[in-house]
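**Student:** Please work from the sequences and hints to get the whole structure.
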Amino acid sequence: MAYAFRLDDVRMAYIRLSRADLAARGQTFALRLDGVDHPLDNAVLTRDTLSINDELCQVERILQRASNRQVSLVVRDAAGARPDFVELVLFHHSFFLPFVDYARAMPPCDGHAKPGLLAVFTHAFDDNDMLRFWEAHHARLAGHRNLYVIDHGSQVSPKSVLHPDTNVVALPRGETDHANMARFCGHFQRFLLSQYSFVLHTDADELLVHEDGEEALRAKLAGGGPSGGGLVGGGFTGIIQPGQAFDVIHDMRALSPVGSPFGSPAASPAENPLVPGELISSQRSVMLPAEGIYKKPVLASIPASWLQGFHLVYEEMSVREEPGLWLMHLQAADFGLLLLKNRKWNALRQTGKDRSISPQNRPGDREALRRWFAERLADGRLTPIPERLRGRF
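Numbers 858 to 1250, taken from my numbering, label the letters of the sequence shown in order.
Any given hint might turn out to be false.
[What the hints assert, rightly or not] Listed next, the in silico DSS-like pairs over lysine-lysine satisfying Cα-Cα at most 27 Å (straight line):
| id | residue 1 | residue 2 |
| --- | --- | --- |
| 1 | Lys1152 | Lys1210 |
| 2 | Lys1210 | Lys1016 |
| 3 | Lys1201 | Lys1152 |
[Said to hold, decoys possible] What follows is a set of in silico ranges between Cβ atoms, one per label pair, in the way DEER data are often shown:
| id | residue 1 | residue 2 | range |
| --- | --- | --- | --- |
| 4 | Tyr1171 | Asn1203 | 45 to 55 Å |
| 5 | Gly1149 | Arg1223 | 35 to 45 Å |
| 6 | Asp1022 | Asn899 | 55 to 65 Å |
| 7 | Gln1052 | Asp878 | 51 to 61 Å |
| 8 | Gly1181 | Asp865 | 54 to 64 Å |
Calculated directly from the structure, the hints in this document are not laboratory data. It should be emphasised that the depicted structure is a prediction, and the values quoted were computed from it without experimental measurement. The beta-carbon is built from N, C-alpha and C at its ideal position, and this holds for glycine as well.
**Tutor:** So this is what it looks like as C-alpha coordinates:
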(Lines of atoms letter the chains of each structure in order from A and count residues from 1; the text may use other names and numbers.)
(Lines give C-alpha, C1' and ligand atoms only; values in the text may rest on other atoms or scores of the structure.)
Protein backbone atom coordinates (compact mmCIF):
# COMPACT_ATOMS: atom_id res chain seq x y z
CA MET A 1 0.00 0.00 0.00
CA ALA A 2 1.45 3.37 -1.01
CA TYR A 3 1.04 6.35 1.31
CA ALA A 4 0.52 9.97 0.19
CA PHE A 5 1.26 13.01 2.36
CA ARG A 6 2.48 16.60 2.37
CA LEU A 7 4.96 18.31 4.69
CA ASP A 8 5.73 21.95 5.52
CA ASP A 9 6.18 23.01 1.90
CA VAL A 10 2.62 22.48 0.65
CA ARG A 11 3.77 22.90 -2.95
CA MET A 12 5.27 19.42 -2.71
CA ALA A 13 3.36 16.15 -2.48
CA TYR A 14 4.97 12.84 -1.53
CA ILE A 15 3.99 9.23 -2.04
CA ARG A 16 5.87 6.56 -0.10
CA LEU A 17 5.87 3.21 -1.90
CA SER A 18 5.86 -0.18 -0.24
CA ARG A 19 9.19 -1.09 -1.90
CA ALA A 20 12.53 0.62 -2.51
CA ASP A 21 14.00 -1.46 -5.36
CA LEU A 22 12.48 0.31 -8.37
CA ALA A 23 14.78 2.06 -10.82
CA ALA A 24 15.33 5.69 -9.94
CA ARG A 25 15.50 6.92 -13.53
CA GLY A 26 13.50 6.45 -16.71
CA GLN A 27 10.22 5.85 -14.91
CA THR A 28 6.85 7.52 -15.43
CA PHE A 29 4.23 7.83 -12.70
CA ALA A 30 0.47 8.22 -12.68
CA LEU A 31 -2.54 8.03 -10.35
CA ARG A 32 -5.15 5.62 -11.69
CA LEU A 33 -8.85 6.27 -11.14
CA ASP A 34 -11.60 4.15 -12.76
CA GLY A 35 -9.08 2.62 -15.18
CA VAL A 36 -7.77 5.99 -16.37
CA ASP A 37 -4.17 7.00 -15.65
CA HIS A 38 -3.53 10.64 -14.70
CA PRO A 39 0.19 11.36 -15.21
CA LEU A 40 2.11 12.92 -12.33
CA ASP A 41 4.35 15.51 -13.94
CA ASN A 42 7.55 16.64 -12.24
CA ALA A 43 7.73 13.50 -10.12
CA VAL A 44 11.08 12.11 -8.92
CA LEU A 45 11.63 8.75 -7.24
CA THR A 46 14.26 8.47 -4.52
CA ARG A 47 14.46 5.00 -3.03
CA ASP A 48 10.91 4.41 -1.72
CA THR A 49 9.58 7.99 -1.89
CA LEU A 50 8.07 9.79 -4.88
CA SER A 51 8.42 13.59 -4.70
CA ILE A 52 5.96 15.59 -6.80
CA ASN A 53 6.28 19.30 -7.52
CA ASP A 54 2.53 19.93 -7.27
CA GLU A 55 1.87 23.64 -6.93
CA LEU A 56 -1.35 23.28 -8.93
CA CYS A 57 -2.71 20.65 -6.51
CA GLN A 58 -3.00 17.94 -9.17
CA VAL A 59 -3.23 15.26 -6.50
CA GLU A 60 -6.19 16.98 -4.82
CA ARG A 61 -7.94 17.45 -8.15
CA ILE A 62 -7.81 13.71 -8.73
CA LEU A 63 -9.04 13.05 -5.19
CA GLN A 64 -12.02 15.33 -5.65
CA ARG A 65 -13.04 13.25 -8.65
CA ALA A 66 -12.40 10.02 -6.76
CA SER A 67 -14.80 10.68 -3.87
CA ASN A 68 -15.47 7.11 -2.64
CA ARG A 69 -13.46 5.17 -5.23
CA GLN A 70 -10.02 3.63 -5.08
CA VAL A 71 -6.93 5.43 -6.36
CA SER A 72 -3.79 3.51 -7.36
CA LEU A 73 -0.21 4.54 -8.13
CA VAL A 74 1.04 3.25 -11.49
CA VAL A 75 4.80 3.08 -12.24
CA ARG A 76 6.00 2.41 -15.81
CA ASP A 77 9.43 2.13 -17.36
CA ALA A 78 10.50 4.33 -20.27
CA ALA A 79 8.91 2.02 -22.86
CA GLY A 80 5.60 2.24 -21.02
CA ALA A 81 4.08 -0.83 -22.64
CA ARG A 82 2.63 -2.10 -19.38
CA PRO A 83 2.97 -1.08 -15.74
CA ASP A 84 5.99 -2.29 -13.80
CA PHE A 85 4.27 -1.66 -10.51
CA VAL A 86 0.71 -0.82 -9.33
CA GLU A 87 -0.50 -0.42 -5.77
CA LEU A 88 -3.36 1.24 -3.89
CA VAL A 89 -2.75 4.65 -2.32
CA LEU A 90 -3.77 5.83 1.14
CA PHE A 91 -3.86 9.56 1.92
CA HIS A 92 -2.63 10.94 5.25
CA HIS A 93 -5.45 12.74 7.03
CA SER A 94 -3.33 15.69 8.22
CA PHE A 95 -3.59 17.32 4.79
CA PHE A 96 -5.91 15.27 2.61
CA LEU A 97 -8.85 15.00 5.05
CA PRO A 98 -10.96 17.60 3.16
CA PHE A 99 -10.71 15.48 0.02
CA VAL A 100 -10.94 11.90 1.28
CA ASP A 101 -13.65 10.09 3.21
CA TYR A 102 -11.61 7.34 4.82
CA ALA A 103 -14.58 5.16 5.74
CA ARG A 104 -15.53 5.01 2.06
CA ALA A 105 -11.99 4.77 0.71
CA MET A 106 -11.20 1.51 2.52
CA PRO A 107 -10.67 -1.47 0.20
CA PRO A 108 -13.98 -3.12 -0.72
CA CYS A 109 -15.07 -6.48 0.72
CA ASP A 110 -14.59 -8.50 -2.45
CA GLY A 111 -16.68 -11.65 -2.55
CA HIS A 112 -19.10 -10.57 0.19
CA ALA A 113 -22.66 -10.90 -1.06
CA LYS A 114 -24.96 -8.55 0.83
CA PRO A 115 -27.64 -10.70 2.49
CA GLY A 116 -30.38 -8.03 2.49
CA LEU A 117 -32.07 -6.30 -0.45
CA LEU A 118 -33.63 -3.24 1.22
CA ALA A 119 -33.44 -1.57 4.62
CA VAL A 120 -35.77 1.30 5.50
CA PHE A 121 -35.00 3.72 8.30
CA THR A 122 -36.18 6.95 9.81
CA HIS A 123 -35.40 9.15 12.80
CA ALA A 124 -38.06 10.38 15.18
CA PHE A 125 -38.67 12.25 18.42
CA ASP A 126 -41.99 11.76 20.23
CA ASP A 127 -43.81 11.04 16.96
CA ASN A 128 -45.30 7.64 17.74
CA ASP A 129 -48.68 8.32 16.13
CA MET A 130 -47.14 9.07 12.73
CA LEU A 131 -44.59 6.25 13.12
CA ARG A 132 -47.43 3.74 13.14
CA PHE A 133 -48.40 4.79 9.59
CA TRP A 134 -44.74 4.87 8.51
CA GLU A 135 -44.18 1.34 9.86
CA ALA A 136 -47.37 -0.16 8.41
CA HIS A 137 -46.58 1.16 4.92
CA HIS A 138 -42.90 0.28 4.72
CA ALA A 139 -43.35 -3.13 6.39
CA ARG A 140 -45.41 -4.13 3.34
CA LEU A 141 -42.40 -3.22 1.21
CA ALA A 142 -39.47 -4.55 3.25
CA GLY A 143 -40.80 -6.53 6.23
CA HIS A 144 -40.59 -5.47 9.89
CA ARG A 145 -37.14 -7.01 10.44
CA ASN A 146 -35.69 -4.63 7.85
CA LEU A 147 -37.20 -1.48 9.38
CA TYR A 148 -35.06 0.71 11.62
CA VAL A 149 -36.23 3.62 13.75
CA ILE A 150 -33.63 5.91 15.31
CA ASP A 151 -35.37 7.07 18.47
CA HIS A 152 -33.82 10.46 19.17
CA GLY A 153 -34.62 10.75 22.87
CA SER A 154 -38.39 10.20 22.86
CA GLN A 155 -40.11 10.40 26.24
CA VAL A 156 -42.27 7.42 25.25
CA SER A 157 -40.29 4.81 23.33
CA PRO A 158 -41.55 3.89 19.85
CA LYS A 159 -41.31 0.28 21.03
CA SER A 160 -44.58 0.84 22.88
CA VAL A 161 -46.54 1.14 19.60
CA LEU A 162 -44.43 -0.62 16.95
CA HIS A 163 -44.22 -4.28 15.95
CA PRO A 164 -41.71 -6.21 18.10
CA ASP A 165 -39.67 -7.12 15.00
CA THR A 166 -39.17 -3.47 13.99
CA ASN A 167 -35.69 -2.36 15.09
CA VAL A 168 -35.53 0.65 17.41
CA VAL A 169 -32.13 2.28 18.04
CA ALA A 170 -32.19 4.70 20.97
CA LEU A 171 -29.98 7.81 20.98
CA PRO A 172 -29.63 10.37 23.78
CA ARG A 173 -31.06 13.79 23.03
CA GLY A 174 -29.37 17.15 23.47
CA GLU A 175 -30.25 20.45 21.87
CA THR A 176 -31.94 20.21 18.48
CA ASP A 177 -29.48 20.56 15.61
CA HIS A 178 -30.52 19.56 12.08
CA ALA A 179 -26.93 19.28 10.84
CA ASN A 180 -26.24 16.77 13.62
CA MET A 181 -29.34 14.77 12.62
CA ALA A 182 -28.17 14.64 9.01
CA ARG A 183 -24.74 13.49 10.14
CA PHE A 184 -25.85 10.59 12.32
CA CYS A 185 -28.35 9.45 9.70
CA GLY A 186 -25.59 9.53 7.08
CA HIS A 187 -23.40 7.29 9.22
CA PHE A 188 -26.30 4.94 9.92
CA GLN A 189 -27.08 4.66 6.20
CA ARG A 190 -23.48 3.60 5.50
CA PHE A 191 -23.71 1.01 8.28
CA LEU A 192 -26.87 -0.46 6.74
CA LEU A 193 -25.27 -0.52 3.27
CA SER A 194 -22.70 -2.98 4.61
CA GLN A 195 -25.48 -5.60 4.71
CA TYR A 196 -28.16 -4.30 2.32
CA SER A 197 -27.99 -3.52 -1.39
CA PHE A 198 -30.32 -0.52 -0.96
CA VAL A 199 -31.24 1.78 1.89
CA LEU A 200 -34.33 3.99 2.00
CA HIS A 201 -34.42 6.95 4.39
CA THR A 202 -37.52 9.07 4.88
CA ASP A 203 -38.82 11.30 7.63
CA ALA A 204 -41.35 9.64 9.93
CA ASP A 205 -44.19 11.44 8.10
CA GLU A 206 -43.13 10.41 4.59
CA LEU A 207 -44.04 7.32 2.58
CA LEU A 208 -42.27 6.12 -0.58
CA VAL A 209 -44.83 4.77 -3.05
CA HIS A 210 -44.30 3.05 -6.39
CA GLU A 211 -47.30 3.69 -8.60
CA ASP A 212 -47.32 0.02 -9.64
CA GLY A 213 -47.08 -1.29 -6.07
CA GLU A 214 -44.53 -2.87 -3.75
CA GLU A 215 -43.82 -5.85 -6.02
CA ALA A 216 -42.85 -3.53 -8.86
CA LEU A 217 -40.50 -1.60 -6.59
CA ARG A 218 -38.87 -4.78 -5.26
CA ALA A 219 -38.40 -5.99 -8.83
CA LYS A 220 -36.66 -2.71 -9.71
CA LEU A 221 -34.37 -3.09 -6.72
CA ALA A 222 -33.54 -6.71 -7.55
CA GLY A 223 -32.82 -5.78 -11.17
CA GLY A 224 -30.28 -3.07 -10.35
CA GLY A 225 -26.74 -3.53 -9.06
CA PRO A 226 -25.45 -2.41 -5.65
CA SER A 227 -23.28 0.36 -7.10
CA GLY A 228 -23.27 2.92 -9.86
CA GLY A 229 -25.05 6.14 -10.67
CA GLY A 230 -28.32 5.74 -12.53
CA LEU A 231 -30.71 3.22 -13.97
CA VAL A 232 -29.08 0.06 -15.26
CA GLY A 233 -30.72 -3.00 -16.77
CA GLY A 234 -34.21 -1.85 -15.78
CA GLY A 235 -33.24 -1.55 -12.11
CA PHE A 236 -32.02 1.09 -9.70
CA THR A 237 -28.47 2.09 -8.79
CA GLY A 238 -26.89 5.16 -7.28
CA ILE A 239 -29.05 7.70 -5.45
CA ILE A 240 -32.70 7.95 -6.47
CA GLN A 241 -35.18 10.73 -5.89
CA PRO A 242 -38.89 10.27 -6.63
CA GLY A 243 -40.21 11.93 -9.75
CA GLN A 244 -43.34 13.02 -7.85
CA ALA A 245 -43.68 14.56 -4.38
CA PHE A 246 -46.97 15.63 -2.78
CA ASP A 247 -48.36 16.79 0.56
CA VAL A 248 -51.48 14.87 1.57
CA ILE A 249 -53.98 17.40 3.00
CA HIS A 250 -56.64 16.80 5.65
CA ASP A 251 -59.83 18.18 4.08
CA MET A 252 -61.93 19.61 6.93
CA ARG A 253 -63.92 22.19 4.98
CA ALA A 254 -67.38 20.80 5.70
CA LEU A 255 -66.66 20.88 9.44
CA SER A 256 -66.19 24.67 9.49
CA PRO A 257 -68.85 27.10 10.67
CA VAL A 258 -70.22 29.61 8.15
CA GLY A 259 -68.01 32.68 7.92
CA SER A 260 -64.82 30.90 9.05
CA PRO A 261 -61.86 30.31 6.72
CA PHE A 262 -63.44 26.93 5.96
CA GLY A 263 -66.91 28.32 5.34
CA SER A 264 -66.85 27.73 1.59
CA PRO A 265 -68.74 24.71 0.26
CA ALA A 266 -66.77 21.51 0.64
CA ALA A 267 -65.43 19.77 -2.45
CA SER A 268 -65.87 16.49 -0.59
CA PRO A 269 -67.34 15.34 2.74
CA ALA A 270 -65.33 16.38 5.77
CA GLU A 271 -62.59 13.91 6.64
CA ASN A 272 -62.17 12.45 10.11
CA PRO A 273 -58.87 12.12 11.99
CA LEU A 274 -56.63 9.37 10.65
CA VAL A 275 -57.29 5.86 11.90
CA PRO A 276 -54.15 3.74 12.45
CA GLY A 277 -54.20 0.43 10.65
CA GLU A 278 -56.11 1.74 7.64
CA LEU A 279 -54.56 2.94 4.38
CA ILE A 280 -54.02 6.70 4.13
CA SER A 281 -55.37 6.69 0.57
CA SER A 282 -58.70 5.34 1.82
CA GLN A 283 -58.98 8.14 4.40
CA ARG A 284 -57.76 11.19 2.44
CA SER A 285 -58.82 12.60 -0.93
CA VAL A 286 -56.66 15.62 -1.87
CA MET A 287 -53.00 16.56 -2.16
CA LEU A 288 -50.75 19.48 -3.07
CA PRO A 289 -47.46 19.41 -5.02
CA ALA A 290 -44.59 19.53 -2.56
CA GLU A 291 -42.48 22.61 -3.08
CA GLY A 292 -39.02 22.52 -4.70
CA ILE A 293 -36.57 20.72 -2.47
CA TYR A 294 -39.25 18.46 -0.97
CA LYS A 295 -38.75 16.22 -4.02
CA LYS A 296 -35.61 14.84 -2.44
CA PRO A 297 -33.17 11.90 -2.68
CA VAL A 298 -34.30 9.07 -0.41
CA LEU A 299 -33.27 5.70 -1.90
CA ALA A 300 -29.64 4.73 -2.51
CA SER A 301 -27.26 1.88 -3.21
CA ILE A 302 -24.24 4.07 -2.39
CA PRO A 303 -23.48 6.32 0.60
CA ALA A 304 -25.58 9.50 0.67
CA SER A 305 -24.38 12.49 2.69
CA TRP A 306 -27.45 14.60 3.45
CA LEU A 307 -27.45 18.29 4.25
CA GLN A 308 -29.61 19.46 7.14
CA GLY A 309 -33.26 18.95 6.38
CA PHE A 310 -32.51 15.89 4.17
CA HIS A 311 -33.52 17.74 1.00
CA LEU A 312 -30.12 17.56 -0.73
CA VAL A 313 -27.04 15.33 -0.77
CA TYR A 314 -23.43 16.29 -1.38
CA GLU A 315 -23.23 13.54 -4.02
CA GLU A 316 -25.66 15.41 -6.29
CA MET A 317 -23.96 14.14 -9.45
CA SER A 318 -25.06 10.60 -8.49
CA VAL A 319 -28.74 11.54 -8.06
CA ARG A 320 -31.19 10.27 -10.66
CA GLU A 321 -34.94 10.83 -10.80
CA GLU A 322 -37.40 7.96 -11.17
CA PRO A 323 -40.84 9.06 -12.45
CA GLY A 324 -42.64 5.96 -11.14
CA LEU A 325 -41.79 6.78 -7.52
CA TRP A 326 -43.88 9.12 -5.39
CA LEU A 327 -42.94 10.63 -2.03
CA MET A 328 -46.12 11.25 -0.06
CA HIS A 329 -45.65 13.72 2.79
CA LEU A 330 -48.14 13.31 5.68
CA GLN A 331 -47.31 16.43 7.67
CA ALA A 332 -50.72 17.97 6.88
CA ALA A 333 -52.65 14.70 6.66
CA ASP A 334 -54.14 15.11 10.14
CA PHE A 335 -54.99 18.45 11.77
CA GLY A 336 -54.76 17.17 15.35
CA LEU A 337 -51.46 15.37 14.90
CA LEU A 338 -49.88 18.39 13.22
CA LEU A 339 -51.08 20.71 15.99
CA LEU A 340 -49.44 18.49 18.63
CA LYS A 341 -46.25 18.18 16.56
CA ASN A 342 -45.96 21.93 16.01
CA ARG A 343 -46.33 22.61 19.71
CA LYS A 344 -43.61 20.08 20.52
CA TRP A 345 -41.23 21.49 17.92
CA ASN A 346 -41.80 25.08 19.02
CA ALA A 347 -40.83 24.08 22.57
CA LEU A 348 -37.57 22.34 21.61
CA ARG A 349 -34.23 23.78 22.68
CA GLN A 350 -32.08 24.46 19.62
CA THR A 351 -28.38 25.16 19.26
CA GLY A 352 -27.65 28.77 18.42
CA LYS A 353 -26.57 27.96 14.90
CA ASP A 354 -29.58 25.74 14.26
CA ARG A 355 -31.93 28.46 15.51
CA SER A 356 -30.33 30.99 13.15
CA ILE A 357 -30.87 28.66 10.17
CA SER A 358 -34.29 27.14 10.93
CA PRO A 359 -36.10 28.82 13.85
CA GLN A 360 -39.13 26.86 15.06
CA ASN A 361 -42.13 29.15 14.67
CA ARG A 362 -44.75 26.73 13.39
CA PRO A 363 -48.49 27.48 13.82
CA GLY A 364 -48.99 26.31 17.38
CA ASP A 365 -52.50 27.41 18.28
CA ARG A 366 -55.70 26.00 16.84
CA GLU A 367 -56.90 29.10 14.98
CA ALA A 368 -53.47 29.83 13.46
CA LEU A 369 -53.28 26.27 12.19
CA ARG A 370 -56.82 26.48 10.81
CA ARG A 371 -55.74 29.51 8.78
CA TRP A 372 -52.67 27.59 7.63
CA PHE A 373 -54.90 24.74 6.41
CA ALA A 374 -57.33 27.19 4.80
CA GLU A 375 -54.54 28.59 2.62
CA ARG A 376 -53.63 25.14 1.39
CA LEU A 377 -57.20 24.04 0.76
CA ALA A 378 -57.72 27.23 -1.25
CA ASP A 379 -54.57 26.64 -3.34
CA GLY A 380 -55.46 26.27 -7.00
CA ARG A 381 -53.01 23.38 -7.36
CA LEU A 382 -55.00 21.21 -4.95
CA THR A 383 -55.76 17.97 -6.75
CA PRO A 384 -57.43 14.62 -5.99
CA ILE A 385 -55.19 11.71 -5.10
CA PRO A 386 -54.96 9.82 -8.44
CA GLU A 387 -56.73 6.50 -8.77
CA ARG A 388 -53.49 4.69 -9.61
CA LEU A 389 -52.25 5.46 -6.08
CA ARG A 390 -55.41 4.30 -4.34
CA GLY A 391 -54.57 1.28 -2.23
CA ARG A 392 -50.82 1.92 -2.63
CA PHE A 393 -50.37 3.76 0.70
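**Student:** For every hint, state whether the structure bears it out.
**Tutor:** Hint-by-hint comparison with the structure:
no. : hint                          : result
1   : Lys1152 / Lys1210             : holds, 25 Å
2   : Lys1210 / Lys1016             : violated, 32 Å
3   : Lys1201 / Lys1152             : holds, 25 Å
4   : Tyr1171 / Asn1203: 45 to 55 Å : violated, 30 Å
5   : Gly1149 / Arg1223: 35 to 45 Å : violated, 29 Å
6   : Asp1022 / Asn899: 55 to 65 Å  : holds, 60 Å
7   : Gln1052 / Asp878: 51 to 61 Å  : violated, 42 Å
8   : Gly1181 / Asp865: 54 to 64 Å  : holds, 55 Å
Against the hints set out earlier in the document, violations occur for numbers 2, 4, 5 and 7.
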